[in-house]
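Visitor: Chain A is fixed; fit chain B onto it per the hints.
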Amino acid sequence: EAEVAQSPRYKITEKSQAVAFWCDPISGHATLYWYRQILGQGPELLVQFQDESVVDDSQLPKDRFSAERLKGVDSTLKIQPAELGDSAMYLCASSRAGQGGYYEQYFGPGTRLTVT
Amino acid sequence: AQSVTQLGSHVSVSEGALVLLRCNYSSSVPPYLFWYVQYPNQGLQLLLKYTTGATLVKGINGFEAEFKKSETSFHLTKPSAHMSDAAEYFCAFRAYNQGGKLIFGQGTELSVKP
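From first to last, the protein sequence lines are chains A and B. First residue of the first sequence? That's 71 in the working numbering, and the numbers climb one at a time after it. First residue of the second sequence? That's 12 in the working numbering, and the numbers climb one at a time after it.
Only chain A is shown next, with the shape it has when bound in the complex:
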């Protein structure tokens, strides 16, 4: 069964350092989502891609976060510089389409980030 891949699974970094996460969606899935899940809370959408285009980044802290999906396949989420409050689980999900109709979102295992 196809799965969403994420790496690394765990990352510890010092504040003010740069950090990057990678996501490889299920083959054929045009829509890719990055969610942030702070401990004890539900996931919150950071950015949504349709192919290589950003369709929603309203909750992405653009002063320090960036996301790209250059060829419309895999994606990278970057934080620079990292702050203590960025410690969280970063989840990637993918689906066949996102705008209309319903297509199930499949989640990867996540990257647990700890900023010290």
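Simulated from the structure, these hints should not be mistaken for laboratory data. Note that the Cβ used here is the ideal one computed from N, Cα and C, for glycine as well. Worth double-checking, as some hints may not be accurate.
Residues from chain A that face chain B, not an exhaustive set, calculated with beta carbons under 10 angstroms [unchecked claim]:
| no. | residue |
| --- | --- |
| 1 | 76 |
| 2 | 77 |
| 3 | 98 |
| 4 | 101 |
| 5 | 105 |
| 6 | 114 |
| 7 | 118 |
| 8 | 159 |
| 9 | 161 |
| 10 | 174 |
| 11 | 176 |
| 12 | 180 |
Guide: Just chain B now, with coordinates in the frame of chain A:
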């Protein structure tokens, strides 16, 4: 504003007892509703979903949920809890035709006592 509220951040039941996890939503348009389960340091797994049609939906692992529009609720139930059900459960909704993002509740941690 669109939101999801899960009543009770932590629920504890005995093995074999009924599981009831509560979820209420706020949306001005018909929602799609979901329940996800998350085990420690893992991603989310879909338990069940309501999109249209029958309001009582059955999911994996013996879970089911009923969509009640008049009560704006989508509570999750399981007749008999198993030790392996211990996990974090999230209710989520997606407003129809407003993009694909999911809006999640705060989560309910389910503990199962032997």
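Visitor: Hint by hint, say whether it matches the structure.
Guide: Hints, one by one, checked against the model:
1. A hinted interface residue such as residue 76 of chain A counts as satisfied when its beta carbon comes closer than 10 angstroms to some beta carbon of chain B; here the least separation is about 8 angstroms, so the hint holds.
2. With a cut of 10 angstroms, the hint placing residue 77 of chain A at the interface with chain B is violated, because the nearest CB-to-CB distance is about 13 angstroms.
3. Hint on residue 98 of chain A is violated. Least Cβ distance to chain B is approximately 16 angstroms, over the 10 angstroms limit.
4. Taking 10 angstroms as the C-beta cut-off, the interface hint given for residue 101 of chain A holds, the closest approach to chain B being about 6 angstroms.
5. Here the hint on residue 105 of chain A is kept, as its CB sits about 8 angstroms from the closest CB of chain B, short of 10 angstroms.
6. A least Cβ separation of about 7 angstroms between residue 114 of chain A and chain B falls short of the 10 angstroms threshold, and the interface hint therefore holds.
7. Checking residue 118 of chain A against chain B by beta carbon gives a least distance of about 6 angstroms; that is within 10 angstroms, so the hint holds.
8. With a cut of 10 angstroms, the hint placing residue 159 of chain A at the interface with chain B holds, because the nearest CB-to-CB distance is about 8 angstroms.
9. Contact between residue 161 of chain A and chain B, as hinted, is supported at the beta carbon level, the nearest pair being about 6 angstroms apart and thus within 10 angstroms.
10. For the restraint placing residue 174 of chain A at the interface with chain B, the shortest Cβ-Cβ distance is roughly 6 angstroms, inside the 10 angstroms limit, so the hint holds.
11. With its C-beta approaching chain B no nearer than about 8 angstroms, residue 176 of chain A sits inside the 10 angstroms limit, and its interface hint holds.
12. Annotation: interface hint on residue 180 of chain A holds; nearest CB of chain B at approximately 5 angstroms, less than 10 angstroms.
The structure fails hints 2, 3 (numbered hints given earlier, in ascending order).
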